[in-house]
Structure formats: C-alpha cells, structure tokens
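Could you build the full structure based on these sequences and the hints that come with them?
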Amino acid sequence: MSESAPIQEQRLPLWQFVPLSDYQLPTAGFGQTAGRGVARLWRRLRPPPEETESPFTPHEDLSALDADCLRRVAPAPQWRAAADALDEALEPWLQARKPGVSAVFVVGPPHSGRQHILQEWAALHKWRLLKSPKPEQILGGDASWSKQWAKDETAWVLPELEHCFLRHVDGLTLIRQLFNVLGSEHAGRVVIGCDSWAWAFLQHVWTGHKPAVLVCQALDDQRLAQWLVHLANPRRSRYIFRQSNDGRFVLPPAFDVQFSNGKPLASRSYAQRLAAHSRGIAGVALDYWRSSLSARPDEAAAPGVKDDAEETGHFTIWVTPWDEIRQPSLPADAGHDHAFLLHALLLHSGLSADVLTRILPFSLSRVVQMLYQLEDAELVAAEDAVWSVSGRGYPPVHAFLEREGYLVDAF
Amino acid sequence: MPDVSGLSGIVRDLNDIVLVQLLSALVLAVALLVAAQTLLPWIASKQSGRRRLYLLATLPALRLLIIAGLLTYSIPTIIEPTFENVVALLGAFGLAAAFAFKDYISSLIAGVVTLYEMPYRPGDWIEIDGVYGEVRSIGMRTVEIVTPDDAVVVIPHLKAWDRSIHNANKDGRNLMCVASFFLNPHHDAEQIKHALQDVALTSPYLQIRRPIAVIVQETPWATSYRLKAYPIDPRQQFAFITDLTVRGKAALIAKGVTFATAAAAVAADA
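Chains B and Z, in that order, are what the protein sequence lines are.
No gaps in the numbering here: position 285 of the first sequence is 285 in our numbering, and each next residue is one more.
No gaps in the numbering here: position 37 of the second sequence is 37 in our numbering, and each next residue is one more.
Among these hints, one or two may not hold up.
Pairs of lysine to aspartate or glutamate residues, derived as EDC-like cross-links and limited to a Cα-Cα distance of at most 16 Å, are as follows [as the list claims (entries may be wrong)]:
| no. | chain 1 | residue 1 | chain 2 | residue 2 |
| --- | --- | --- | --- | --- |
| 1 | Z | 170 | Z | 233 |
| 2 | Z | 170 | Z | 218 |
| 3 | B | 134 | B | 170 |
| 4 | Z | 255 | B | 136 |
| 5 | Z | 255 | Z | 190 |
| 6 | Z | 249 | B | 170 |
Simulated coverage check for chain B against chain Z, where a stretch passes if three residues somewhere in it have a Cβ under 8 Å from a Cβ of chain Z [said to hold, decoys possible]:
| no. | segment |
| --- | --- |
| 7 | 169-181 |
| 8 | 201-208 |
What the hints contain is simulated information worked out from the structure, not anything from laboratory work.
Note that the structure is predicted; figures quoted are calculated from it, not measured.
By construction, the Cβ of each residue, glycine as well, lies at the ideal position given by its N, Cα and C atoms.
Written out as structure tokens, the structure reads:
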C-alpha cells in the first residue's frame with residue numbers, strides 16, 4: 001500500500017464469506033518464513049531506507065493504555081458489516097425455491113466472531129435463534145432440547161453447534177439426532193454455526209451427506225490494517241499508530257497527516273506479521289494489537305496525544321515493534337496432559353472445570369492445577385467459570401497441538 | 001619323556017628370588033582385591049544417591065586393573081620376552097580369544113547388518129525373544145530396549161539375527177492398540193459394536209485420523225469383541241488401552257450387558 005495514499009481511496013471489502021475450499025491463510029513475509037537469522041541478513045543487505053530530515057528519538061517512557069483509552073483506540077468489534085457480507089453470500093440460497101431440507105453451515109475458527117455474526121444475521125431476518133443445550137442435557141440425552149428444532153419450522157439459526165455435543169460416550173446422542181434430522185426432509189431452512197475445531201471432530205461423527213459450508217475469509221495484511229484503522233477511527237477520531245522504536249507508521253493513517261519534520265515512513269512488515277501470526281483471525285489479531293499499544297505516561301489516560309511536530313489535532317499511539325512483543329508460550333513441562341486439556345477446550349469452544357473432569361481422565365484437582373498454570377502463561381482465560389483458549393494464546397496452542405499430532409482444524 | 005627343550009626356550013630360569021617375587025606380587029594382588037571388594041562397598045554404603053552408585057560401578061574396573069597389573073608384572077618375569085616367544089604366545093592367545101569372542105564378533109557383524117537393513121529404529125516398539133519394549137538405543141553389538149515396567153533389557157544383535165522381530169510401529173507414530181471384551185452371548189451385537197466404536201472415538205488418547213475397528217467373534221463360552229484403534233503417541237499405548245477398557249466396561253454395564261467369566265464358561269460346559 002502506498003505511503004502517501006489515504007486509506008479511504010483503497011478500501012477493500014473487509015468481510016467475505018467463501019466456500020471452505022477457497023479459504024486462504026495469510027502468508028508471512030519473506031523474513032518470517034525464512035527464519036529470523038535470514039531476516040536479519042536481509043535487513044542488512046537491502047538498500048538503506050530514506051532518512052527523514054531529523055532523526056527520530058525513540059520514547060523510552062511509554063506505558064500501556066488504560067481501559068478507557070483502549071475502548072476508544074481498539075474497541076470491541078461490531079459485526080453488522082460481517083452479517084451483511086454473510087447475507088450477501090447466502091442470498092442465492094435464500095432465493096432458491098428448493099423443497100425439503102436446506103441447511104448451510106457457517107464454520108469459523110475461535111475468536112473470529114462467528115457466533116455474533118450469526119446472531120446479527122438472525123436478527124436481520126427475524127429467524128428463530130436456537131439455544132445450545134446444557135452439558136447435563138447433552139450427557140442425559142435430554143429429548144426436550146431436540147423438540148425446539150423438530151417442529152415444522154421454516155427457518156432457524158443455531159449459532160454454536162460446538163456446544164451441542166461433548167466428547168463423551170453419552171455426549172453424541174443429541175447431535176446425532178440433529179444430523180439425522182438434517183438428513184431428512186423435515187428440518188426446514190437452517191443456518192448452523194460451528195467452530196472449526198468442533199467441525200474437524202464432527203467429520204468423524206457425521207457419516208451422512210454434508211450440506212454446504214461457508215467460512216469467513218481470513219484477514220490478510222491489507223484488510224487487517226484497514227480493519228484496525230477503522231476500529232480506531234470510525235467517525236471523527238484521529239488516531240495514528242507509529243512504531244515506538246523508529247517512529248514509522250505501523251498502519252497507514254486514515255487521514256492526511258502533516259509533519260513539520262517530514263512524514264515518517266511506513267513499516268510494511270508489521271501488519272503482515274500480525275496477520276500471519278494470528279492466522280488471519282480478527283479476534284486473535286485484536287488481542288495482540290491491544291497488548292502492544294502504549295502512550296506517554298502523562299497522556300496514557302488522556303483522550304489522545306498531540307504530535308510534537310505540529311498542532312494538527314491527531315493523536316499518536318505508540319506500538320511495540322513486533323520482535324519485542326512478549327509472546328505467550330507453553331510451560332516448559334507441558335506434556336500430553338496439557339495437550340489433552342487444551343484440545344478439549346478448543347474442541348468444545350470452552351468448558352467449565354467440572355465438565356472437563358467428565359471428558360478427561362484427570363481428577364478435578366489436576367484439571368484446576370493445569371488451568372491455573374496455563375492461565376499464568378496467558379494461554380487460557382476464564383469467563384463465568386468457563387475456561388477457553390485466549391486470543392493471544394491461540395497461535396502457540398495451535399502450533400503445539402499440531403506438532404504433537406493432535407487433530408487440528410483446517411484454518 | 002616329553003620334549004621340553006622348546007618350552008625351556010620360552011620360560012626364564014625361575015630361581016628362588018624370582019619365585020619369591022612372583023609369590024609376593026600374587027599375595028599383594030589378592031590383598032588389593034580383597035581390600036577393594038571389602039572397603040569400596042563399605043565406603044559406598046556411607047554415601048547416598050548417585051555417588052554410591054558411581055563408587056560401586058568402579059569396583060569391576062578396579063578389579064580388572066589389579067589383575068592386569070599382576071599379569072603385566074608376572075608375564076615378563078616368567079617369559080623370555082624375545083620376538084619369537086612373544087609371537088608364539090600371541091598366536092596361542094589369539095586362537096583362544098577367537099573361540100571366546102566368536103559370539104561377540106558375530107554380534108558386531110549383526111549390528112552392521114542391522115544398520116543397513118533397519119528392522120528397527122530408536123522409538124520403535126519391538127518384541128524379541130518374548131521381551132517387548134521401546135528401542136532406546138542401537139549399539140554396535142547390542143540393542144537397548146526399555147520395557148513397560150521401565151526395565152532396560154540389552155539384547156545382542158546376534159539374538160535377533162535368526163529370530164522373528166515383531167515391530168509394532170515401524171518408522172512411525174502409528175501403533176495399533178487392542179482392548180478385548182468378553183461378553184455373555186445374549187445381547188445385541190450391533191448395538192455393542194457401535195457403543196465400543198464410540199468409546200474409542202471419545203477417547204482423548206485417540207489418533208482420530210486412523211481407523212477404528214471392532215472385530216466380533218463368537219466362541220463357545222463368550223462373544224469376544226476386539227476394539228482396535230491407534231493412540232496419538234505410541235508411548236501412551238498402555239494408558240490408551242486402560243482408558244478404552246475402563247470406559248468400555250462402564251458403557252457396556254450401562255447397557256445391561258454381562259461379562260463372561262471363566263467360571264461361567266466351565267459351568268456352561270458342564
């Protein structure tokens with residue numbers, strides 16, 4: 001992307017829903033794939049970048065943004081635009097006048113916002129939203145849950161199929177009943193959301209004909225940069241993001257910025273590395289992004305920071321260089337026990353400690369011990385007593401499980 | 001009367017002084033051996049942990065050193081060290097050594113053949129001569145296997161040369177495990193077969209990319225079910241079989257199935 005062209009002139013479609021076979025992971029830049037040693041050599045050999053008129057002095061007294069500032073600079077995403085993109089992808093299916101069962105699956109990796117997108121879409125079309133059963137209902141094969149979709153309904157949405165089963169001998173009954181209904185002529189029109197890890201496992205449970213699958217295309221570096229800029233500058237906010245060690249733009253500014261000392265250059269690799277490391281998943285990238293933002297201490301709690309070059313009204317947020325970001329990693333003694341637990345959390349998109357003891361061969365004390373150990377390593381987090389793999393923990397956990405030979409998703 | 005003229009050309013003239021020297025060396029060597037075999041274990045018993053084990057491990061080497069010292073002193077004292085005598089002695093010792101080390105050399109050659117044919121590699125689970133375990137290392141003469149009871153068994157390559165080698169996971173991570181169940185015949189076999197497949201499918205140890213199979217066989221005293229599946233890591237095979245067996249039993253009991261027993265089989269025969 002050109003350094004000088006404003007972002008608005010090159011707006012790319014952020015959200016695209018494509019068939020599963022068209023899903024593409026963002027690729028890392030040359031430096032990341034060839035290894036850090038080669039990357040250093042490349043930086044030494046390439047032509048030196050143009051120097052600005054005055055040298056940039058790195059700020060050494062930066063502090064992390066407080067919660068209030070984070071809410072302004074990197075707020076929780078709104079999924080309406082993604083729901084609109086899903087609607088556009090489903091339009092041909094909605095218009096088709098095919099009798100009998102008609103189901104579409106929307107599959108997405110963890111932290112991709114899939115559930116929220118489906119909830120928005122269901123609200124858009126006023127379709128009935130089905131709730132997933134509770135673990136006790138799943139293990140008991142509670143028939144009352146299946147009654148809500150066994151009616152002669154025309155349209156319903158089930159956002160979280162991953163919460164409709166447990167990897168337990170008694171935990172597959174309800175979901176098999178659902179699959180049987182989907183294979184019959186009585187289901188009506190249904191849109192079902194499923195986490196990618198659960199989807200990979202359910203391929204071995206569901207032996208019948210599978211309906212169409214849509215996935216939200218991974219965010220590449222350009223679309224990720226565009227999205228992060230849009231999050232920070234939805235209307236009249238004027239935030240710019242510069243790297244804290246050399247002052248380069250991490251993201252292209254959303255507006256024209258004047259600098260009396262010459263405009264800083266753009267860092268082209270940050271967005272690329274963020275997109276590749278987060279596997280193009282919006283929520284994972286946002287977690288890493290939030291953890292790398294900082295400001296000067298006297299302005300960390302203020303609405304923004306005025307650039308010291310000129311009174312232009314824009315605010316500078318300083319971004320930790322990618323190589324200096326502290327990445328979560330597995331504990332040194334992580335073995336198959338930890339792998340079992342992390343795999344179970346991903347397969348089910350979050351579980352409580354009690355339910356984990358039902359599906360894993362560990363005692364409650366052992367499960368709790370491992371959960372706290374992984375929480376200290378920033379790999380898992382709990383919300384309302386439900387533990388799940390954190391956004392920042394997702395890339396190392398994915399790599400760990402793949403390396404150890406566990407079933408992983410296709411994303 | 002045997003001709004000892006050749007022998008007298010090899011052996012020195014053993015006068016009284018030489019005999020006393022030899023006897024003194026022998027007595028000293030025996031004293032040193034007894035002292036080492038008494039003192040070293042006593043000193044080791046006062047130590048703990050690794051130090052004790054290291055001290056005990058030095059005893060055979062020390063014994064060998066004392067005996068080698070005695071021989072080094074005695075042989076030149078007894079034997080006239082001319083070139084012809086040394087060649088004659090070495091020839092005799094060589095012939096004796098060749099017979100003694102026949103099997104050792106065979107194992108060395110078998111080790112070289114093993115490196116070429118690679119019937120097993122480190123990480124493979126093999127069974128030789130009734131010993132089953134994971135190959136830990138392959139030496140020139142022997143292969144070290146660690147059994148499930150954490151015992152290290154050292155097997156000469158020669159043993160494997162003319163015997164069958166059972167390799168459970170040659171060159172890979174795929175090692176099939178089998179959990180067996182023996183049930184009284186009066187039940188729905190199709191239902192039990194599906195239940196056991198689910199037992200394997202829901203095991204956290206399962207390598208889900210490999211197939212799951214249930215082999216059902218009718219015998220005079222029971223219906224046998226063999227649940228075959230693969231664990232993610234071959235080292236977890238025993239935990240995997242345990243998991244399948246424990247959860248399989250629970251699932252079958254929940255379905256009201258009864259297990260066949262040897263007593264029941266005998267009663268049925270009667």
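Legend entry - 16 Å limit on alpha-carbon distance, applied to hinted pair residue 255 of chain Z and residue 190 of chain Z: holds (13 Å)
Inset, instruction - Would you mind confirming whether the straight-line C-alpha gap from residue 170 of chain Z to residue 233 of chain Z stays at or under 16 Å? - result: This hinted pair holds, its Cα atoms lying about 13 Å apart.
Inset, instruction - Below or equal to 16 Å on CA atoms is what counts here, so check residue 134 of chain B against residue 170 of chain B. - result: Measuring from Cα to Cα gives roughly 13 Å; hence the hint holds.
Inset, instruction - Count the residues of the segment 201-208 of chain B whose CB lies closer than 8 Å to any CB of chain Z, then report whether that count reaches three. - result: Holds: 3 residues of the segment 201-208 of chain B have a Cβ under 8 Å from chain Z.
Legend entry - Pairwise hint evaluation, residue 170 of chain B against residue 249 of chain Z, where the allowed Cα distance is 16 Å at most: holds (14 Å)
Legend entry - Agreement of residue 170 of chain Z and residue 218 of chain Z with the hint, judged by alpha carbon distance not exceeding 16 Å: violated (32 Å)
Legend entry - Cβ contact check, 8 Å cutoff: the segment 169-181 of chain B against chain Z, three residues minimum: With 3 residues in contact (Cβ-Cβ under 8 Å with chain Z), the coverage given for the segment 169-181 of chain B holds.
Legend entry - Restraint check for residue 255 of chain Z with residue 136 of chain B, where alpha carbons must lie at most 16 Å apart: violated (19 Å)
The earlier numbered hints that this structure contradicts are 2, 4.
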